[in-house]
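Engineer: Taking the hints into account, I'd like the entire structure generated from these sequences.
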Amino acid sequence: MRRLKYIFQYSIFFLIGFLLVLFATLVPGFGNIRNLLSMLAQAAVTGVAAYGLAIIMIGGEIDLSFAGSFPLLAYIFARQLSAGSEFFMAVTTILALGIIIGLINAVTVLYMRVPSFLATTVMMFLLTGLYFAISGGRTVYIKGYYGFLFGFWGPIPKITLFLLVLTVVLHMLTEHTQWGIMLKSIGENPEYAFRMGINVSSIKMTAFALGGVLFSAAALIATIRLSSATGTLGSQALLPVMASAYMSTVVGSGKPNIWGALVASYLLQVIACGFGTLGLPFWATPMAQGVLLLLLVALANVGKKRGIGQVSLG
Amino acid sequence: MRVLLMEGVTKEFPGVKALDNVDFELVEREIHALVGANGAGKSTLLKILAGVIRADSGNIFFKGKQITQWSPRQVMEAGIQFIYQDLGLFNGLSVAQNIFMGRFPKTIIGTVSRRDVWSSARQILKQIGVEDIDVTLSLGELSAAQQQLVAIARALVRNPAILVLDEPTARLGSDEVNTLFAILKKLRDENGVSIIFVSHRLEEVYQIADRVTVLRDGQRIITDELQNINPEQLVKYMVGARLKNSGRLRREKSLEPSEEVILEVSSLTSDWFTDINFALHKREILGIVGAVGAGKSELAETIFGLRPYSKGQIRIKGCLVQPKSPRASMRFGVAFCPEDRRSKGLLLKSSIRENIVLASLDRLALGRWLCNPSREREVTQRLIKRLGIVPSIPDHITYKLSGGNQQKVVLAKWLCAHGEIFILDEPTVGVDVRGKQEIYQLIRELAMQGAGVLFITSDIHELFEVCTSFIVMHRGRIVARMRPDEASLDRVLYYVMGGSNAQA
Amino acid sequence: MAFAKVRYGAILSMALFFLVFALLCIYGRGFFTAENLVRNLLMPASMSSVIACGMTLVMRGGGIDLSMGATAGLGALTGAALGTNVVSSIAAAMFSGMILGSLNGLFISIIGINPFIVTLTTSFVAKGLQFLVSLQKAQSTALLWSLPMDRLGSSPVFQIGTSLLVIIFLYVFIEKTKYGRYVKAIGENSEVAIYSGIPVRFYSWMTYVIGSVLAGLSGVMLTSYEGLVRVGSGDNFLLDAFLLPLLGKAVFGRLSIAGTVFAALFLAMIVNGLYILGLPPSWVNAMKGVLLFSMVVASQVGRR
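Chains as they are written, first to last, in the numbering used here: chain B, 76 to 389; chain L, 48 to 551; chain Z, 1221 to 1524.
One or more hints might be untrue.
To be verified - With a cut-off of at most 20 Å between alpha-carbon atoms, the simulated SDA-like pairs for lysine to any residue come out as follows:
#, chain 1, residue 1, chain 2, residue 2
1, L, Lys-233, L, Leu-203
2, Z, Lys-1396, L, Asn-419
3, Z, Lys-1396, L, Cys-418
4, L, Lys-153, B, Trp-254
5, Z, Lys-1396, L, Ser-421
6, B, Lys-330, Z, Gly-1332
7, L, Lys-94, L, Glu-59
Said to hold, decoys possible - Where chain L lies over chain Z, by a calculated footprint (3+ residues, C-beta under 8 Å):
#, segment
8, 1387-1399
9, 1412-1426
In short, the hints are calculated from the structure, not lab data. Treat the numbers as computed from the prediction; the structure is a model and nothing was measured. Beta carbons are placed, not taken as given, at the ideal position from N, Cα and C, and that holds for glycine.
Structural biologist: Below is the structure:
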């Protein structure tokens, strides 16, 4: 029975494999390595943001403000480039802003004791409002070619490479450092962690800051890829990022994790690309995503004795 | 050589003097038991030692030096480790990760190597003589006893001079207790650790401790070598003169069970117990006693409809029933007060009134859907008065009540629901001596008014005090049936521990 | 009810509310007119109240429903595409909400999976259904409401009246009936509820159904006010839906219909006031965010 449970937990891999085979037979070139890797690149935005969210979730909190910081940071970045700032300067500024937003969230949650769900939602409102205020909702286009970030390194898109490296680094951080293990313990039981002398506030703060940096990185990737900053960036990202982060708990240990988030966002991307290439109607993609995710979630929960599903929102 | 001295410790809370000029001393290489009833001041004293609360007056000397600044972190660093009843471990992390929490061996680049941690964990466990725990498993997969050992290993990583264990045997079976005690003795003899051991179980105190300190009502009554005090004396110190009155009470008003059978269980079998047969009469208090893991709670939950059974029958008032849910059982008049009243018996954040009416909302509502707060309050007031719940305000929030009063609220809930068969699982856990007596009295009254009571406990003294007859369970089977007047304490204990007729 | 003490946060917020109201009456030109109060304050507050009260019920039971925004949009689209008249449109909207709510309830209450994950995935399903339903009537992704519906949507009697009905119904349901007590017990400690003989799975499932039905209704209310429906209408509603009950909780100390409605009114008043005071429209949202932020932080002062 335990073996069976094991299979169910990794069922997402079977699903992706099945879909890839399916699409590869139906669409010529789909199964091409180049395509597979470029889909990974397309999933990067969702994936990187999901990493940020997952890390914060490991620590037992949540951060939804990214839906607001995306359009805002994208806009600021685009404006800076248009105004002639040097590329890396602009990037650094945005990353720094991301950290600052993360820290503000941390202070609100940890020191003003506002539950993180509420605090970061309000922050999202604030940032969205700020974005509309400064930009008026216009789309800003980036002049200039920053293609050195895109393009390929051999058969691998550079973005994919970046994503994979980031994944490995974050995985090491969350699973194989004292900090990561302590973060997990805080997420499981902050009181016990405190008893063990762990500085809960400082570790959570770092988690929020790290999340903030990752969110801003995702915004940067999105902006550069589209060569523009649009206002819908945030609201479009909300559900997929959340879904990827939560689905990571279905892959493997039952707690949020980095590789799971990657796999989940890749799955969403594969469905979207496959259905799109096949020319299926609009409704099919989200429907399939929803149904398949629901199926995976149900499978992962097979065999566990449960009551009703509940959450605590502080 | 003295390792710890707490002298003249006094702590007052609003309305209650928790500690009154208490002295406590610990020497090197000793296992010192700290005993006393609930409310005697044990946990307060330990919290002060742990740096969680500050004493009003008194001094603490650790290894000869006076301590003034005392925070939990400093306590840990100074070398005093606490293992609380809840163990404080993380189920989601591996055994090895738990052991080294906060103290991980790191590689050059700052990461933690899994293999290093695993092997170091194995070494620590070996030190305490444990070789059969797989350190790579996640903690949640271990048994309660194994988790206890992991907690000790974790404490040892920090090389403590003093180890404080609060009710460590609560969830352990007798074999496991012996293993634990062997380890504690080893720590004392070979590692030079001094141990403070808090327990409610007399046999264990005598098994493990060198010296004992008794607290009662915030005062230190006596500290002495255990060999100088016999068990009856010890209990007398703990309880005071009141011991004389209890026990006799049950014979004052004679409680004769009627002939009428209200609950009958035949050949009941499930995953947790086998072939259970008994009959509960009206006006009877039938005790079910056994060690942890005997299947008592599972049996109770099965009768209440929370667990399935594979074979056997349950008859209530003569009718064959198949309780599939608590709601169904309730319809037959079954009431169940679970063991863990705080998390399964009461809505702690709700008021007394809301808790008491929770199982009777159908009945008390107008037209069966509209709630009638004034009627509810009326009923609540009546029950508060009858059971002596303090404070007697219906809208008072339940988490503020003492353990005894909380238990009374749970009982009240079922009285309100017109229960006829009361299944009480460890109703006096965490209740002080006075409260226990009040609850025993209430149970007797319940029986006298015609209810049938199943009284589940692992405390044999309690059994003798309250029950008109009892059954002993061991590993899911009934191994003995007796009446209090035809049995002795040690005979019952013998059956509880699983003794067969070969060794008497 | 359960708490006899008065909370500082509640008093402060109420006082703030009246203060802001008074200031707006004095300084806001055109604020204190029937036209403005009804059309720009009460009507938007009504629409968001309906969905937020539905969410309040779900949260009281210890759950959450992140698919409510998509359900609102789905309800509106179903109503517009399949409804032949006003009544059938509303009925269709509420029916589609019922379907989605039952689905959520099935996975959350019966099977027992985490509500976050389940409702995230069902929001995808709802989105897909939105696309599906909107293709029934027209190729484009925007649908127009029929004239009667449009007129109804601009009628304050309809909007405010409907929301009042919903508010009163839910208030009575939650605070005064035994069902409300069941839900409250389930939300506080579902094990105790089970041990007290309460049919926990059924009532938990019920909260999702009612919540989603109300989401569908609110979708119709919102889109009929705006005159047209499209895929994605109602997405923004989700934020209001869980923000308002939590704001109400932050201020009043517990989840309640009264708190949620108060939050809805307060928010609507702020937005309306900012427009009246002449703030450029693009800054209104930012200010709303700032004020929300301070409100939320302030409500935590004096707590622990």
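Engineer: Hint by hint, say whether it matches the structure.
Structural biologist: Results for each hint:
1. L:Lys-233 - L:Leu-203: 12 Å, holds
2. Z:Lys-1396 - L:Asn-419: 8 Å, holds
3. Z:Lys-1396 - L:Cys-418: 6 Å, holds
4. L:Lys-153 - B:Trp-254: The given pair, whose Cα atoms are some 11 Å apart, holds under the 20 Å limit.
5. Z:Lys-1396 - L:Ser-421: 12 Å, holds
6. B:Lys-330 - Z:Gly-1332: The hint holds at about 17 Å.
7. L:Lys-94 - L:Glu-59: Holds, at roughly 13 Å.
8. 1387-1399: With 4 residues in contact (Cβ-Cβ under 8 Å with chain L), the coverage given for the segment 1387-1399 of chain Z holds.
9. 1412-1426: Three-residue rule met by the segment 1412-1426 of chain Z, so holds; n is 8.
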